[in-house]
Amino acid sequence: MTQGPAVEAQSVVKHFGDGPDAVRALDDVSVTVARGEFFTLLGPSGCGKTTLLRCIAGFETPTAGRILLGGRDITDDPPNRRRVNTVFQSYALFPHLTVAQNVAFGLQMLGRPKAEVRATTDRMLALVRLDALADRRPDALSGGQQQRVALARALAPQPEVLLLDEPLSALDLKLRKEMQSELKRLQHETGITFVFVTHDQEEALTMSDRIGVMSAGRLLQVAPPRDIYNRPVNRFVADFIGETNFLPATAHAGQIRLRSGEVLGPTTVSGAITVAIRPEQLRLSDPGDHEAIPATVEGSTYLGTDSHLHLRLPDGSRVVARIPSLPQAEPGPAPGMPVGLRVAPGALQVLED
Amino acid sequence: MTMATPEMTARRRRARAGWLLSTPALVLLLCGAAGPLLVVLVFSFLTKGGYGGVELPFTAEAWFRIFFQRDIFDGTVSAADAHIQIFWRSVWLSLATTLITFVLGLPTAWFIATRPARTRTLWLFLITIPFWTNLLIRTFAIMEVIRNEGLLNSALLGLGLIDQPLQILFTDTATLIGMAYVYLPLMVLPLYAAIDRFDMRLLEAGHDLYASRWALLRRVILPIIRPGLVAGCILVFIPALGAYVVPRVLGGGKNMMVGNFIELQFGQARNWPLGAALSMMLLLVVMAALLVYVRAMAQEGRDD
Ligand SMILES: Nc1ncnc2c1ncn2[C@@H]1O[C@H](COP(=O)(O)OP(=O)(O)OP(=O)(O)O)[C@@H](O)[C@H]1O
Ligand SMILES: [Mg+2]
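Chains as they are written, first to last, in my numbering: chain A, 1 to 353; chain B, 1 to 304.
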């Protein structure tokens, strides 16, 4: 999977407008995406994901920094000279062309022989399972079908990198799940490098080889989904990915303690810190458990298989624990009940703020 | 079944009301369009009167005279070269006008459609300003620009680019300049409407898929704005074909177009039937042109 870089951004800065009120859409972003990788850019709205993608595609020129494709500097190449294709959020299908003509467009522009264009188009239509609709116009297709045409159209010229800007955000949940696995399959079958943009963390976690988390024009952390989830580098990443409890704590003599003195777990740092604990890493035990932290139940939220239990700790801070829902007949922990709380080993994340 | 009856009556009543309401429009259409045409058609089959006007009997002489002429002395028949030449000049001048207005109008319309919404109205307003001025005055203004002692020649002479004034006035070129100027807004407005609806994101999509600028124009922009393009071409070509004022003022007496020739028949030549036949002929050419357009549209719609 990793045979050298497919695309690299080197210290890319992008300002919109100039002077003091310029928007810093990208603030010194450096990232290397490996060949054949499924790389996801994740971040809240307005953090610069689209801008980075547009810099790679060639629609925006970076204010500073360079873009490399397969090791070659393409910063100054226009979009039609970059072996990069984009799946647009709005699909941007050509309304005057049929599905097949849409898919063939890129190949025709590259001047490929007619026979090759036809063969590749047919293969792409089969790949996205649209052979039956080859002669339809885009406006006679459903959203999911249009999505597939956009994919086939961008894949047909066999780009070195495929850029996808929130391609699934316009689809309903069920179709979205379907397209997620479809995308994974397509990437697997074509072996093309995918750079995928989303602000849906679950989508990012399930699909990616690696995730780059962005905020306010900066790339905060680049890591595989497991590491992003279990070892977030800072509070923003921990908060943005999944649900997390943040607790003020002090580290001293190899131990992390709550402000009220209860031991949470071991550490190597010292001083005032914040720890992050995922709700599913908290376990309930008896109120009398000496190794557990005494807590008081404040309420619960039923989520189906699991429930969220809202608890108050001795130092006054509140945490949420995710526990399996009990059968209907059994009464759950009622508000006001004292419980013990254990932290799963290795679940504590010490964060720099 | 019983339920359907009142509903059907209501529908019938609505239909009758619809007809009743459209009566004024129908009467207007009959009197305003079909009526005069019918008069012209009848005139074209009558004999010319001595001092203008028409008289009986019915004859196809006028129609014959469009294409052929009879020698006064020996009665031999030959093609009416002068008439055919005038028709031909009208057609090619109108085609050239359409082409020029398109070449100038497309970038203009594009420019306006890509302005921010606030200034766009201003640009559109500027484009329509010529409509507020009398056609004759606009034509004389062009004359002022291109005549031998006019603005253009003075400027070129002053700059030392030429040492003899260019004889533009009273040539086909003058007619062409005048018509392109007069009909340009008719090309710009429908093009603007089409470009305004054009999704600019398609340009990025095309550019991303390796299309050069030229390929974008040919393969993406023009096919999509074609309805506006066709409308513009029709709006320019048809009135240009029947143009009267511009060729009269700028083309001079010799470089007549059909419109001037028709006027001549109803005026000095006192040959109303020929004038009427020529008018009908012009109408036929226009309808043929429209038919070609419609066919082309339908054809391409099927091909794509
Ligand atoms: N053409 C532009 N002119 C001025 N500012 C822009 C332009 N394009 C983007 N920006 C600004 O740059 C910042 C980053 O925008 P960008 O579109 O990259 O965000 P994003 O991460 O894609 O957000 P979203 O998830 O909402 O699509 C935003 O503050 C945006 O307002
Ligand atoms: Mg975006």
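These aren't lab readings, by the way, just hints derived from the structure by calculation.
Any given hint might turn out to be false.
Here chain A is said to cover these stretches of chain B; the calculated rule only asks that three of the stretch's residues, wherever they fall, bring their Cβ under 8 Å from a Cβ of chain A [to be verified]:
1) 168-181
2) 213-223
A partial selection of chain B residues facing chain A, derived with a Cβ cut-off under 8 Å [stated by the list, open to error]:
3) Asp81
4) Trp132
5) Leu209
Note that this is a predicted model, so its numbers are computed, not measured.
C-beta: ideal position from N, C-alpha, C; glycine also.
Here's how the hints hold up against the structure:
Only residues whose C-beta sits within less than 8 Å of a C-beta in chain A count toward coverage, and the stretch 168-181 of chain B has 0 of them, not enough to reach three; the restraint is violated. Check on the stretch 213-223 of chain B: 4 of its residues sit with their Cβ under 8 Å from a Cβ of chain A, so the three-residue criterion for coverage holds. Hint status for Asp81/B: violated, given a least beta-carbon distance of 45 Å to chain A, over 8 Å. Annotation: interface hint on Trp132/B violated; nearest CB of chain A at approximately 37 Å, more than 8 Å.
For Leu209/B, the interface hint holds, since its Cβ comes within 8 Å of a Cβ in chain A; the closest pair sits about 4 Å apart.
In the structure shown, a violation is registered for the earlier hints numbered 1, 3 and 4, in ascending order.
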